[in-house]
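Undergrad: Here the structure of chain A is known, so what remains is to put chain B in place on it, guided by the hints.
Just so you know, the sequences run in chain order A and B. Going by my numbering, the first residue of the first sequence is number 80, and it counts up by one from there. Going by my numbering, the first residue of the second sequence is number 80, and it counts up by one from there.
One or more of the hints may lead you astray.
Which copy is meant is left open, so a pair is good if it fits within one copy or across any two.
The list that follows gives simulated cross-link-like pairs (lysine-lysine, DSS-like), each with its CA atoms no further than 27 Å apart [to be verified]:
{"no.": "1", "residue 1": "K130", "residue 2": "K344"}
{"no.": "2", "residue 1": "K228", "residue 2": "K149"}
{"no.": "3", "residue 1": "K149", "residue 2": "K128"}
{"no.": "4", "residue 1": "K149", "residue 2": "K130"}
{"no.": "5", "residue 1": "K149", "residue 2": "K224"}
{"no.": "6", "residue 1": "K130", "residue 2": "K331"}
{"no.": "7", "residue 1": "K130", "residue 2": "K228"}
{"no.": "8", "residue 1": "K344", "residue 2": "K331"}
Please keep in mind that the hints were generated in silico from the structure rather than gathered at the bench.
Number of protein chains: 2
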Amino acid sequence: MTYSVDPAFEQRLNEVADRITVALDQLIPPASGPEARLMRAMRHGALSKGKRLRPFITIEVGRMFGAQEKSLLRGAAAVECMHAYSLIHDDLPCMDDDDYRRGQPTVHKAFDEATAVLAGDALQALAFEIMVSPETHRDALMRCKLVEKLTLASGARGMVGGQMIDMHPISEGEDPLQVLTRMQRLKTGCLITLAGEVGALLGGAQEQERQAIAGYTNDLGLAFQIVDDLLDVEGDPAELGKAAAKDSDAGKVNFVSILGVDGAKGQVRHLAAQAKEHLASFGTRANSLLHTVDFVLNRRH
Amino acid sequence: MTYSVDPAFEQRLNEVADRITVALDQLIPPASGPEARLMRAMRHGALSKGKRLRPFITIEVGRMFGAQEKSLLRGAAAVECMHAYSLIHDDLPCMDDDDYRRGQPTVHKAFDEATAVLAGDALQALAFEIMVSPETHRDALMRCKLVEKLTLASGARGMVGGQMIDMHPISEGEDPLQVLTRMQRLKTGCLITLAGEVGALLGGAQEQERQAIAGYTNDLGLAFQIVDDLLDVEGDPAELGKAAAKDSDAGKVNFVSILGVDGAKGQVRHLAAQAKEHLASFGTRANSLLHTVDFVLNRRH
Numbered sequence: 080m081t082y083s084v085d086p087a088f089e090q091r092l093n094e095v096a097d098r099i100t101v102a103l104d105q106l107i108p109p110a111s112g113p114e115a116r117l118m119r120a121m122r123h124g125a126l127s128k129g130k131r132l133r134p135f136i137t138i139e140v141g142r143m144f145g146a147q148e149k150s151l152l153r154g155a156a157a158v159e160c161m162h163a164y165s166l167i168h169d170d171l172p173c174m175d176d177d178d179y180r181r182g183q184p185t186v187h188k189a190f191d192e193a194t195a196v197l198a199g200d201a202l203q204a205l206a207f208e209i210m211v212s213p214e215t216h217r218d219a220l221m222r223c224k225l226v227e228k229l230t231l232a233s234g235a236r237g238m239v240g241g242q243m244i245d246m247h248p249i250s251e252g253e254d255p256l257q258v259l260t261r262m263q264r265l266k267t268g269c270l271i272t273l274a275g276e277v278g279a280l281l282g283g284a285q286e287q288e289r290q291a292i293a294g295y296t297n298d299l300g301l302a303f304q305i306v307d308d309l310l311d312v313e314g315d316p317a318e319l320g321k322a323a324a325k326d327s328d329a330g331k332v333n334f335v336s337i338l339g340v341d342g343a344k345g346q347v348r349h350l351a352a353q354a355k356e357h358l359a360s361f362g363t364r365a366n367s368l369l370h371t372v373d374f375v376l377n378r379r380h
Numbered sequence: 080m081t082y083s084v085d086p087a088f089e090q091r092l093n094e095v096a097d098r099i100t101v102a103l104d105q106l107i108p109p110a111s112g113p114e115a116r117l118m119r120a121m122r123h124g125a126l127s128k129g130k131r132l133r134p135f136i137t138i139e140v141g142r143m144f145g146a147q148e149k150s151l152l153r154g155a156a157a158v159e160c161m162h163a164y165s166l167i168h169d170d171l172p173c174m175d176d177d178d179y180r181r182g183q184p185t186v187h188k189a190f191d192e193a194t195a196v197l198a199g200d201a202l203q204a205l206a207f208e209i210m211v212s213p214e215t216h217r218d219a220l221m222r223c224k225l226v227e228k229l230t231l232a233s234g235a236r237g238m239v240g241g242q243m244i245d246m247h248p249i250s251e252g253e254d255p256l257q258v259l260t261r262m263q264r265l266k267t268g269c270l271i272t273l274a275g276e277v278g279a280l281l282g283g284a285q286e287q288e289r290q291a292i293a294g295y296t297n298d299l300g301l302a303f304q305i306v307d308d309l310l311d312v313e314g315d316p317a318e319l320g321k322a323a324a325k326d327s328d329a330g331k332v333n334f335v336s337i338l339g340v341d342g343a344k345g346q347v348r349h350l351a352a353q354a355k356e357h358l359a360s361f362g363t364r365a366n367s368l369l370h371t372v373d374f375v376l377n378r379r380h
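Next comes chain A alone, as it looks inside the complex (with noise of 0.2 Å):
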């Protein structure tokens, strides 16, 4: 699979994951106190150089109908916020076991594993304390419905729903590419289409725009995982920042021991072109989301 990524582009992909990092660098409170140590590790897993492509997806639907920048940036970090602190604890030892992220030493690591859940708990109450503020929008009606989307996007039936599948994966009688199909959209999906409806949301969309988001944030969410899948068959560590064959070592069902390694990158391809087609509707405005779809496809990391 080669797609080109246009290098303007990767340029402001870039621009907004560092308007990310310093928005969530203010937004953690300073490390002060006797409980200096909790911000300094919630600081260690949110402030490292990642992708942003959740908080990028919500600033570039956002702009596609003209939110305010200002509503988007904290929208944005709000939804990294919850993002950053599932990294951290799907990490911990009880869980994934990983050491490295982003090519850092992971938050257990660099610290320990009690400021590590803690680091994790701090930033999701910091991704709903961002959110409800009224300096992400004026409206309060409106500021209740975002924090009700990242409730529903993180809580039980969502985020944290799909990490409890992906630990204990598949029951005798269950069909594995369900409870992986499940799986996937509730672990990765629901937040990568909360971005896109945080977006929509504060750029005031009209209900068939919103629609049209969701089903281009639902198709790109399973090629994302799908290409996971194929980067833990066939990447490379020092890209990946990660250790890779984690999943196919564990014995692990996942999209590629399903539907095999070809069988996987048709469906990357097909769900690509598919994402693509939600957005037709609004033309050219939509070159940057294009664009992300194939920066997806793309990625080595």
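TA: Coordinates of chain B only, in the frame set by chain A:
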């Protein structure tokens, strides 16, 4: 220390505890789908028989100001979800490593560590989901205020920050009593104070009334913690439902080790009198909250 606790008060406390348990049972998603283990663990942690002191405070404060029962029950349930999540995480092997809680195996003992981390994570999200719902209050601005208070009480400068201090209590050059007081205020004080504030906000209390309630809950929360430390030294494990002398065995600094048993008991009496004084202007309307002070002083577990 002997204090008489009114039997009618105890009955009222038990009635509220039962109503909270029923409400949480309805609010936690049903255990279905491949993620059902998560909901079972959430129930194990949140539905076990506890004192339900925090939601009781929310409900009794709210009733005093004439809040709607349904709003109060939901606000109280949100506060209890937040408390239940914190207990699950605090009991983890990497934190206080407790095997029993409320006379039952802790969540990581009954399930496993990963499930316990996730159950706590999902209960935090659920606390916000309950609070932000229009069913809790029709006014969106009120809901935003409640969510904001909940984020502040539970986050890095609240409950989680307090637990961080508890894990790494005293650095060289710090004043033990000052650090311990901050630890208590953040770890348990913030959420007890929030419990009162939620009731006061839902009841439409005036600024001066809210300040009186905040003074009351501040003193009550600190008294609660000192009694906890006294029980750790003098309590009966069978009544506590958990191991006693954990802190003193671990060589941890607490109020008893700093103030001595007599000094700690004197401080509790002083705080109790001060807590009641804050309620003076409410007259007999505050009877239940006055009894709550005696209950906290008199508790054996």
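Undergrad: Give a verdict on every hint.
TA: Consistency of the hints with the structure:
{"no.": "1", "hint": "K130 to K344", "result": "within (22 Å within a copy, 55 Å between copies)"}
{"no.": "2", "hint": "K228 to K149", "result": "both (20 Å within a copy, 23 Å between copies)"}
{"no.": "3", "hint": "K149 to K128", "result": "within (22 Å within a copy, 46 Å between copies)"}
{"no.": "4", "hint": "K149 to K130", "result": "within (20 Å within a copy, 44 Å between copies)"}
{"no.": "5", "hint": "K149 to K224", "result": "both (18 Å within a copy, 21 Å between copies)"}
{"no.": "6", "hint": "K130 to K331", "result": "within (25 Å within a copy, 42 Å between copies)"}
{"no.": "7", "hint": "K130 to K228", "result": "within (23 Å within a copy, 32 Å between copies)"}
{"no.": "8", "hint": "K344 to K331", "result": "within (19 Å within a copy, 56 Å between copies)"}
Violated hints: none; the structure is consistent with every hint.
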